[in-house]
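A.B. asks: Residue strings, one per chain:
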Amino acid sequence: MNEFFLQILTAIPVSLRGLFPELLIATAICLGLILEWSTAVQDKRLVVWFCAISAFAGLLLCWVVGVPSGVVQLDGTFVPDAITQFIRMFSLGGALLALLALNGSRAMHGRDELGDAALLILSVALGAMLLASAKHLLAMYIGLEFLSLSSYGLAGFRSRDPQASEAGIKYVLYGAVASAVAIFGISHLWGMAGTFDVTEIGNRLVALQTPAVYASVALVAAAFAFKLGLAPFHFWSPDVYQGCPTVAAGFLSTVPKAAGFAAILHILPDLLPSSAAGLPSASLVNAIVGMAVLSIAVGSTAALVQKDAKRLLAFSSTANSGIMLLAVSTWITRDAVAALGLYLLAYLVANLGAFLALDILSGDGDTSLANLKGSWKRRPRVVVALVVCVSSLAGIPPLAGFAGKWALLSEVVRTGLEDGFGTVLVVGVVVALAGSVALAGAYLRLLRATVVDEDAEGSVHPYIQPAFLAEVPLLLCAGASIALGAGFPLLALFHSCLAGG
Amino acid sequence: MDALLLSTVIAIPALGALASWCAPERSDLQKRITIGIAVLMLVLTGGLFWAQSATATTGFLLRERIPLLPQWGVAWHLGMDRLSATMIFLTAIVQFAASLANAPKVRFRAYHAMFQLLFVGVYGSFLALDMVFFYCFWEIMLIPMFFLVAVWGGDDRKRAAVKFFLYTMAGSMAMLLAIFLLNVSAPRESVPMVVRAEEVRENMTTGSGGEAILYGLPVMTGAVGGQQSLVRSADIAAGRKLPLYVPLSRSFDMLHWKLLAPWWAQRQIFGIGLAGLCLGLFFVAFAVKVPSVPLHAWLPHAHVQAPTAISVVLAGILLKLGVYGLIRVAWPLFPGAVAQAAWLFGWIGAISIVWGGLAALGQTDLKRLVAYSSISHMGFCLVGLASGTAQGITGAMFQCVSHGLSASLLFLLVGVIYERAHHRRVDGFGGLAQVMPKFSALFLFSAMVGAGLPGLAGFVGELGVLLGAWSADATRLAGFVSATGVILSAAYLLWMVQRVLYGPLRHPEQSAFADLSRTELASLLPLAALSLLLGVWPSLLQDVVGPASASLWGHMAWLQGAW
Numbered sequence: 004m005n006e007f008f009l010q011i012l013t014a015i016p017v018s019l020r021g022l023f024p025e026l027l028i029a030t031a032i033c034l035g036l037i038l039e040w041s042t043a044v045q046d047k048r049l050v051v052w053f054c055a056i057s058a059f060a061g062l063l064l065c066w067v068v069g070v071p072s073g074v075v076q077l078d079g080t081f082v083p084d085a086i087t088q089f090i091r092m093f094s095l096g097g098a099l100l101a102l103l104a105l106n107g108s109r110a111m112h113g114r115d116e117l118g119d120a121a122l123l124i125l126s127v128a129l130g131a132m133l134l135a136s137a138k139h140l141l142a143m144y145i146g147l148e149f150l151s152l153s154s155y156g157l158a159g160f161r162s163r164d165p166q167a168s169e170a171g172i173k174y175v176l177y178g179a180v181a182s183a184v185a186i187f188g189i190s191h192l193w194g195m196a197g198t199f200d201v202t203e204i205g206n207r208l209v210a211l212q213t214p215a216v217y218a219s220v221a222l223v224a225a226a227f228a229f230k231l232g233l234a235p236f237h238f239w240s241p242d243v244y245q246g247c248p249t250v251a252a253g254f255l256s257t258v259p260k261a262a263g264f265a266a267i268l269h270i271l272p273d274l275l276p277s278s279a280a281g282l283p284s285a286s287l288v289n290a291i292v293g294m295a296v297l298s299i300a301v302g303s304t305a306a307l308v309q310k311d312a313k314r315l316l317a318f319s320s321t322a323n324s325g326i327m328l329l330a331v332s333t334w335i336t337r338d339a340v341a342a343l344g345l346y347l348l349a350y351l352v353a354n355l356g357a358f359l360a361l362d363i364l365s366g367d368g369d370t371s372l373a374n375l376k377g378s379w380k381r382r383p384r385v386v387v388a389l390v391v392c393v394s395s396l397a398g399i400p401p402l403a404g405f406a407g408k409w410a411l412l413s414e415v416v417r418t419g420l421e422d423g424f425g426t427v428l429v430v431g432v433v434v435a436l437a438g439s440v441a442l443a444g445a446y447l448r449l450l451r452a453t454v455v456d457e458d459a460e461g462s463v464h465p466y467i468q469p470a471f472l473a474e475v476p477l478l479l480c481a482g483a484s485i486a487l488g489a490g491f492p493l494l495a496l497f498h499s500c501l502a503g504g
Numbered sequence: 002m003d004a005l006l007l008s009t010v011i012a013i014p015a016l017g018a019l020a021s022w023c024a025p026e027r028s029d030l031q032k033r034i035t036i037g038i039a040v041l042m043l044v045l046t047g048g049l050f051w052a053q054s055a056t057a058t059t060g061f062l063l064r065e066r067i068p069l070l071p072q073w074g075v076a077w078h079l080g081m082d083r084l085s086a087t088m089i090f091l092t093a094i095v096q097f098a099a100s101l102a103n104a105p106k107v108r109f110r111a112y113h114a115m116f117q118l119l120f121v122g123v124y125g126s127f128l129a130l131d132m133v134f135f136y137c138f139w140e141i142m143l144i145p146m147f148f149l150v151a152v153w154g155g156d157d158r159k160r161a162a163v164k165f166f167l168y169t170m171a172g173s174m175a176m177l178l179a180i181f182l183l184n185v186s187a188p189r190e191s192v193p194m195v196v197r198a199e200e201v202r203e204n205m206t207t208g209s210g211g212e213a214i215l216y217g218l219p220v221m222t223g224a225v226g227g228q229q230s231l232v233r234s235a236d237i238a239a240g241r242k243l244p245l246y247v248p249l250s251r252s253f254d255m256l257h258w259k260l261l262a263p264w265w266a267q268r269q270i271f272g273i274g275l276a277g278l279c280l281g282l283f284f285v286a287f288a289v290k291v292p293s294v295p296l297h298a299w300l301p302h303a304h305v306q307a308p309t310a311i312s313v314v315l316a317g318i319l320l321k322l323g324v325y326g327l328i329r330v331a332w333p334l335f336p337g338a339v340a341q342a343a344w345l346f347g348w349i350g351a352i353s354i355v356w357g358g359l360a361a362l363g364q365t366d367l368k369r370l371v372a373y374s375s376i377s378h379m380g381f382c383l384v385g386l387a388s389g390t391a392q393g394i395t396g397a398m399f400q401c402v403s404h405g406l407s408a409s410l411l412f413l414l415v416g417v418i419y420e421r422a423h424h425r426r427v428d429g430f431g432g433l434a435q436v437m438p439k440f441s442a443l444f445l446f447s448a449m450v451g452a453g454l455p456g457l458a459g460f461v462g463e464l465g466v467l468l469g470a471w472s473a474d475a476t477r478l479a480g481f482v483s484a485t486g487v488i489l490s491a492a493y494l495l496w497m498v499q500r501v502l503y504g505p506l507r508h509p510e511q512s513a514f515a516d517l518s519r520t521e522l523a524s525l526l527p528l529a530a531l532s533l534l535l536g537v538w539p540s541l542l543q544d545v546v547g548p549a550s551a552s553l554w555g556h557m558a559w560l561q562g563a564w
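Here the protein sequences come in this chain order: A and B. Be aware that the first sequence starts at 4, since it is given in this note's numbering, and climbs by one per residue. Be aware that the second sequence starts at 2, since it is given in this note's numbering, and climbs by one per residue.
Just chain A, same shape as in the assembly:
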């Protein structure tokens, strides 16, 4: 098996060899489109299965190829490294889970758009993979756009549903502005440095610490903040999550976020003008922590008062992005990157699991907390899985979210005290801990509706025959949320991969 793959690998031009998983997925998307055109409405599941198998094949391929060695691909536009490898496996794994869930989703059953949704999930994953290996501003922009355009489609593909259309349009409008802002910033950077190569720009701009440099970097950063749902660029996320199909919302809340962080980790240290000691200026760290603190505060307090489960999770996702941004504020120590990896993995399984559970529990797609009341009576097993995933999100030990939070925040405290960034990082951690309490309060509302409350008076919940294998991806997520609680050894693995790459 190994031999076979390596033989194919050697038949490919050297400059493309490191992008083999991306090529595989791109080919699969093209074939999937043909398959989609040629299948009848009742057979759309074939497309879903095809995409799922492709994602699995891509995952296997990443495993076989191993961690890319940071070799330059296509004249320096893509430099896949350990972070890229992580994002590849992360987004393909997320896509696989989402595709399996899509296959069993009651809300999507028998719909014409099922095949489109599956292909869009795969192309979001591809966009994430491209974004995570770009070392060139234009390549990064292409990855970002690939990711965004597929996401718009995924949010709004149920064209006959007005709420989905609203979500799609909102997403496109906000996204278009963000992307215009990014390209504006990129053009300035190009004008000042004369190149798109990130490392080169960084070298040329070291001497040139003008406000213009900061302003253009801030413009690019704003586009990423939009993608990550960071305050004050988060206003799209609740509406979009609420409007788009629940499985798609779960996917969109995790994979693009991870890719955005990967791109930041990939580009930021090279791009930003650094002082002689290699340390960032204090104002930069202050700005990052400030944004993180704002996101945590806004996200966790807004989540407390939501009446819809998906909106609640959308605001909590903003707060979680804020907590993850604290890892960037350490100026990307290797330990912080490893901890962020663990946090992202924990967040993927817990958050996706929560969305998948909501998809099953809501049945017809109404995820308001009032509609979820009494779920425990109807689907006890799904509710148990939801409790596990939501407890993990709330950071209750010994679940995955706790491991991620512990690793990340303790590393931020360590850098704050040892590496001389001082009090601001510790302030960030204090806000993150306080935000965790508020977030826990929000998650409790979800648990209260699904586990504690009885059915509302006079509500009718027709029994819905569970789709075949519908619960499998959810149970996988819940299982992983428990297993990753002992995920600390992964930190050492990430650390060694980063050191090798």
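Derived from the structure by calculation, the hints contain no laboratory data. Built from N, CA and C at the ideal position, the CB exists for glycine as well. A hint or two may mislead.
Covered by chain B, per the in silico footprint, the following chain A stretches (three or more residues, Cβ under 8 Å) [said to hold, decoys possible]:
| # | segment |
| --- | --- |
| 1 | 395-408 |
| 2 | 429-436 |
In silico DSBU-like pairs for lysine-lysine, Cα to Cα no more than 35 Å straight-line [to be verified]:
| # | chain 1 | residue 1 | chain 2 | residue 2 |
| --- | --- | --- | --- | --- |
| 3 | B | K439 | A | K310 |
| 4 | A | K173 | A | K310 |
| 5 | A | K380 | B | K439 |
| 6 | B | K242 | B | K164 |
| 7 | B | K106 | A | K310 |
| 8 | A | K376 | B | K439 |
| 9 | A | K380 | B | K159 |
| 10 | B | K242 | B | K32 |
| 11 | B | K159 | B | K242 |
Using the hints provided, position chain B relative to the given structure of chain A.
C.D. replies: Okay, now just chain B, sitting in the frame of chain A:
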């Protein structure tokens, strides 16, 4: 043989939770599992307690340490010393009484599973010696407790459960921050720390070459940079006077952190002392659980709404975790800061005593009254600890046990009449003594235990605390104020007894109330008997916890003398 005995203590309720969940949903089956597990725990922890009290050592009778993540210094580290042994035995006693109390009739499979899961956290917290696992077990209690109150509680149960969860979670976050700060501030390379000779003598083990080992670390002589050599355990046992050192580096081990106490005392972060800052954070985390005024507001609410068995566990055990945390973590790590803030802690305790007592006087709901009396009684523990004297600390430990017994009794008895009357208003009863003689006798007895009548368990703890507080300068005045709590508790408890039990039978329909059933007696009598036994024969417990508090006092006094 005893290699994994302590892990077994934690594993049994975990397996019980699994069994309750997997067993078919039949009320008698689930209940049988719960009672069976409780009996098993009673036997097991009773044996451990007896074994611990039979030894002369004040150190850890049992310890098990399995390094899990050596690069971070995380280990599965459990240990049982006199304090832990007392606490887990008390836990098993209360667990037994609570599992005999009436369980809810709806969703009982989940109820029993959650009930068991709660005890995984309790036993784990009392035994864990690694901060990571201590924190894990501490937090594991939150989810089952939330559901136990929110699903099976009274009318306002959901709000009460959320309040409980958020208060405790906020406290936990303070603890988490303190753990981060301490771990980061610990020495990165191993630093020889001078240790107390008694501590080494009580806790050392002997390595293969006859060298002394303390908490998994070699004991050495010679200061930094000088001649260092290993010490043979035989020399230490023989009492040779040497300055002893132990090399310490970054870990999460509570015992290592205890030995690092002089190190914490010298660190500064952000221009303030690390010890003071972390003591404050830990104090917030533990004071929420105790609970001390002003962090007590969750308790009356949660108590009133929780089902009877859960109120019993909450008052009998969970509140003790706060005191246990102070004794195990906060006091040994930061003796200097504790001594400086002793007056503050003393006053917080005294205010809790008076506040809780006055509030209890004004309550019209029986459970609320007992809940406020808990705040008042637990305040004594804090005063005793603040005094920093061996007598005060012993009193605090004793008070934990006696309050565990008396509060459990009172909550069980309130549950008994609630089941018959379906309300808990004090003015809704009267003259029950004519109808329910056995109940009335036990109710009066429990109130006496709570009020600290001499000859009963409550008296010994409170007296020890007050004597300890009076003998220390920092807490003398607070001790005097605390003494009014004894009068207050007599007032509200006896007034309650008078209104409920005596006078004419005010509500004729209550004449049909059945007296205590056999199951109810089985859950109540052991607690009552123990309260009496500890009252007339206090040395039974005093001789167990006394050396433990003397050891803690020795550690604190030695550090303050040395630094």
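A.B. asks: Evaluate each hint against the coordinates.
C.D. replies: We went through each hint and held it up to the structure:
1. Here's how the segment 395-408 of chain A fares: 4 of its residues keep a CB closer than 8 Å to some CB of chain B, so the rule of at least three is met and the hint holds.
2. Counting residues of the segment 429-436 of chain A whose C-beta sits closer than 8 Å to any C-beta of chain B gives 4, which meets the bar of three, so the coverage hint holds.
3. Between K439 (chain B) and K310 (chain A), the direct Cα distance comes to roughly 51 Å. Violation of the 35 Å bound is thereby established for this hinted pair.
4. Distance hint between K173 (chain A) and K310 (chain A) is fulfilled; the C-alpha atoms sit about 21 Å from each other, no more than 35 Å.
5. A distance of roughly 41 Å separates the Cα atoms of K380 (chain A) and K439 (chain B); the hinted pair therefore is violated under the 35 Å criterion.
6. Only pairs whose Cα atoms come within 35 Å are accepted, and K242 (chain B) paired with K164 (chain B) is rejected, the gap being roughly 54 Å.
7. Only pairs whose Cα atoms come within 35 Å are accepted, and K106 (chain B) paired with K310 (chain A) is accepted, the gap being roughly 31 Å.
8. About 44 Å separates the Cα atoms of K376 (chain A) and K439 (chain B), which puts this hinted pair outside 35 Å; it is violated.
9. Restraint check for K380 (chain A) and K159 (chain B): satisfied, since their Cα atoms lie roughly 18 Å apart, inside the 35 Å limit.
10. A threshold of 35 Å between alpha carbons decides the hint, and for K242 (chain B) with K32 (chain B) the separation of about 57 Å lies outside it, so the pair is violated.
11. Restraint check: the Cα-Cα separation between K159 (chain B) and K242 (chain B) comes to about 60 Å, which exceeds 35 Å; the hinted pair is violated.
Consistency with the previously given hints fails for numbers 3, 5, 6, 8, 10 and 11, ordered from lowest to highest.
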